[in-house]
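*Asks:* Sequence:
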Amino acid sequence: MFFSPKKLLLHSKKNKILNAWKLIAAFAAIVIICVSIIVWASSYMMANSILEHSRESAKELIKQTSKNIQTVLEQLDDFAMTVSRDNKLATYVLEYDNIEDEEEKKQKLELIDEILNKYCKTREEIDHISIITKNNTHILNGLKQNLLSDLNIFNFDVQAFREGNKKSLWLSTHVSDQNSKLSASEKGKVFSIVKGIYSISTLKSQETIIINIKESYLHDLIADIKFLDESNVFIISGDGKYVMNTQDNNLNGQPVKYSFTNEILDKKNGEDIREIDGKKYLITYNTIEDINGTELKWTVVDITPVSSIIKGIKTEMRNIFFIGILCIVFGLIISTLITRVYDSNLDKRYAEKHSIIMERERLATLGQMIGGIAHNLKTPIMSIAGGLEAISELIDEYDNSIGDEEVTREDHHEIAADILNWVEKIKPYCVYMSDVISAVKGQTANLGDSTTLNFTVGELVKRVKILMSHELKKNKCRLNTIVNVDENTTIKGEINNLVQIMNNLISNSIEAYNGESGEIDLILQKNNNNLEIVVRDYGCGIPEKVKEKLLKSMITTKGKNGTGLGLYISYSTIKGKFGGTIHIDSEEGRGTTITVVIPII
Numbered sequence: 003m004f005f006s007p008k009k010l011l012l013h014s015k016k017n018k019i020l021n022a023w024k025l026i027a028a029f030a031a032i033v034i035i036c037v038s039i040i041v042w043a044s045s046y047m048m049a050n051s052i053l054e055h056s057r058e059s060a061k062e063l064i065k066q067t068s069k070n071i072q073t074v075l076e077q078l079d080d081f082a083m084t085v086s087r088d089n090k091l092a093t094y095v096l097e098y099d100n101i102e103d104e105e106e107k108k109q110k111l112e113l114i115d116e117i118l119n120k121y122c123k124t125r126e127e128i129d130h131i132s133i134i135t136k137n138n139t140h141i142l143n144g145l146k147q148n149l150l151s152d153l154n155i156f157n158f159d160v161q162a163f164r165e166g167n168k169k170s171l172w173l174s175t176h177v178s179d180q181n182s183k184l185s186a187s188e189k190g191k192v193f194s195i196v197k198g199i200y201s202i203s204t205l206k207s208q209e210t211i212i213i214n215i216k217e218s219y220l221h222d223l224i225a226d227i228k229f230l231d232e233s234n235v236f237i238i239s240g241d242g243k244y245v246m247n248t249q250d251n252n253l254n255g256q257p258v259k260y261s262f263t264n265e266i267l268d269k270k271n272g273e274d275i276r277e278i279d280g281k282k283y284l285i286t287y288n289t290i291e292d293i294n295g296t297e298l299k300w301t302v303v304d305i306t307p308v309s310s311i312i313k314g315i316k317t318e319m320r321n322i323f324f325i326g327i328l329c330i331v332f333g334l335i336i337s338t339l340i341t342r343v344y345d346s347n348l349d350k351r352y353a354e355k356h357s358i359i360m361e362r363e364r365l366a367t368l369g370q371m372i373g374g375i376a377h378n379l380k381t382p383i384m385s386i387a388g389g390l391e392a393i394s395e396l397i398d399e400y401d402n403s404i405g406d407e408e409v410t411r412e413d414h415h416e417i418a419a420d421i422l423n424w425v426e427k428i429k430p431y432c433v434y435m436s437d438v439i440s441a442v443k444g445q446t447a448n449l450g451d452s453t454t455l456n457f458t459v460g461e462l463v464k465r466v467k468i469l470m471s472h473e474l475k476k477n478k479c480r481l482n483t484i485v486n487v488d489e490n491t492t493i494k495g496e497i498n499n500l501v502q503i504m505n506n507l508i509s510n511s512i513e514a515y516n517g518e519s520g521e522i523d524l525i526l527q528k529n530n531n532n533l534e535i536v537v538r539d540y541g542c543g544i545p546e547k548v549k550e551k552l553l554k555s556m557i558t559t560k561g562k563n564g565t566g567l568g569l570y571i572s573y574s575t576i577k578g579k580f581g582g583t584i585h586i587d588s589e590e591g592r593g594t595t596i597t598v599v600i601p602i603i
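Counting in the working numbering, the sequence shown runs from 3 upward without gaps.
One or more hints might be untrue.
Below, computed lysine-lysine pairings styled on DSSO-like, alpha-carbon distance capped at 30 Å [unchecked claim]: (1) Lys107 to Lys123; (2) Lys243 to Lys270; (3) Lys107 to Lys120; (4) Lys299 to Lys69; (5) Lys429 to Lys467; (6) Lys61 to Lys189; (7) Lys281 to Lys243; (8) Lys243 to Lys259; (9) Lys259 to Lys281; (10) Lys65 to Lys136; (11) Lys61 to Lys123; (12) Lys90 to Lys108; (13) Lys69 to Lys169; (14) Lys69 to Lys123; (15) Lys427 to Lys467; (16) Lys136 to Lys168; (17) Lys577 to Lys547; (18) Lys259 to Lys61; (19) Lys577 to Lys467; (20) Lys120 to Lys90; (21) Lys429 to Lys475; (22) Lys168 to Lys269; (23) Lys61 to Lys110; (24) Lys427 to Lys65; (25) Lys168 to Lys69; (26) Lys169 to Lys269; (27) Lys259 to Lys282; (28) Lys65 to Lys281.
None of these hints come from the bench; they were simulated from the model.
Could you build the full structure based on these sequences and the hints that come with them?
*Replies:* Laid out in structure tokens, this is it:
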């Protein structure tokens, strides 16, 4: 099975394209890796910068939030102070304990209730107000409750408050009363401020008032304070319980289960990165120590996932990365298209230039052949002319013998035999001239117009011998042709191109003897699936510096008589049109061996 030059050229182009794509892929991989490293490093630095900035911002925001809550609580404390210093209320409460008549007690409760309702109407955040008399009666919304036997209400020790001479006390979120249905707050939960009731004349109070504020009021204060969508702001009391948890108010009044709770309560103010359930969080906190001098120790805490803080930069960096990759891919596609167009034009220009150079070489070679062709044709023409003259004489002799009785039948046969002998002598000369004309005709035709797309080894050798015979004889060189392959072996390609190349190589070998006689070997042999054509001389050889450049550029050692095209163009032609290659082995002063390798299967 043979491959045509077009298929071999196509295979070469495919390899070239494949190698180009490999190079492009490697370049793209390097660029993508570099972009990835740059994006990752930039993302890491920017994420750290944003996180550091967020720590400072969150710290300031939590401080401001604490101040806002403190301001609101101070206003509530002022309100509680106003109620607890209401002289009329203090009088009614004090008188209540001294009245024995139940009807009169009932009237007094109505008066107390009227005052409390008046205050509650002006403040929507107030759930209700409780009063504990000095005789430990619990008055709630103007109703008399059970007497406090243990002086304890919703975990508030009334006796301890009195004996401690405290004027004020804050109670964290709790259920407002045993009967929570009396409360307007959800599930009866409130937070409270406790104060002693004082009249104008009273210096020491035994009565206690408890202002109960709706849980929702505190919830509304902090529910809208969010750094990011995933942040959670809540308040912890000094005993480690939730005062307010905006995400789950069922936890209000329950212990906070974070392992770092005690630590932030001790530190009171600050920010830190902590890991919770395998996920990093930014924790900022600030403690409200007191309200108008009354101890509070509520710590406002914000917990925000670190991932949500840097999510924006990661998303943007990812977008930048993909945009960068798309730009690279788009750039590669555009560059590939441009390269293809450029390569196509370059290949076209190269093919045109190659054809022009080959044509110049062909014409130069033809110019050198003209003298040899004339000499080659002179001898056979003269021989043919001599033979024709002898035949003409024999014809005359035969014509004159007609009617001559002395000329026998045997004489006629002898004349005819002589004529036939001269015809046989002329035939080889005619065949030789035909071969010369065919060989020369092939070289005079434009090399690109050859239609002989396959030829045999025998045809190649025959043409080369005919065309080079005169130059070899003229320069006293002998061509030793050794064919170690079947002469019917078919070569795919244009015979004129290969004949031109062989003529150039043999001419180079002739010139290697510098006008002296010499031997030139032309060896054709098969090596695996390749035909090797070896042209060997034993002349001056090629300098090492020149040999390195012979197949890479147009260079000559012939001075002004050399074109520098021979081997360079020959190599290009063998590689491009026959899918083969050329090897040069030369030693200065000992000769040169040039091997042309052409695939034949």
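*Asks:* The structure should be examined with respect to each hint, and the outcome stated for every one.
*Replies:* Each hint, compared with the structure:
no.: 1; hint: Lys107 to Lys123; result: holds, 24 Å
no.: 2; hint: Lys243 to Lys270; result: holds, 15 Å
no.: 3; hint: Lys107 to Lys120; result: holds, 20 Å
no.: 4; hint: Lys299 to Lys69; result: holds, 13 Å
no.: 5; hint: Lys429 to Lys467; result: holds, 20 Å
no.: 6; hint: Lys61 to Lys189; result: violated, 33 Å
no.: 7; hint: Lys281 to Lys243; result: holds, 23 Å
no.: 8; hint: Lys243 to Lys259; result: holds, 9 Å
no.: 9; hint: Lys259 to Lys281; result: holds, 16 Å
no.: 10; hint: Lys65 to Lys136; result: violated, 41 Å
no.: 11; hint: Lys61 to Lys123; result: violated, 38 Å
no.: 12; hint: Lys90 to Lys108; result: holds, 17 Å
no.: 13; hint: Lys69 to Lys169; result: holds, 23 Å
no.: 14; hint: Lys69 to Lys123; result: holds, 27 Å
no.: 15; hint: Lys427 to Lys467; result: holds, 22 Å
no.: 16; hint: Lys136 to Lys168; result: holds, 15 Å
no.: 17; hint: Lys577 to Lys547; result: holds, 23 Å
no.: 18; hint: Lys259 to Lys61; result: holds, 23 Å
no.: 19; hint: Lys577 to Lys467; result: holds, 24 Å
no.: 20; hint: Lys120 to Lys90; result: holds, 13 Å
no.: 21; hint: Lys429 to Lys475; result: holds, 24 Å
no.: 22; hint: Lys168 to Lys269; result: holds, 27 Å
no.: 23; hint: Lys61 to Lys110; result: violated, 52 Å
no.: 24; hint: Lys427 to Lys65; result: violated, 126 Å
no.: 25; hint: Lys168 to Lys69; result: holds, 25 Å
no.: 26; hint: Lys169 to Lys269; result: holds, 28 Å
no.: 27; hint: Lys259 to Lys282; result: holds, 17 Å
no.: 28; hint: Lys65 to Lys281; result: holds, 25 Å
Hints 6, 10, 11, 23, 24, counting from the list given before, are not met by this structure.
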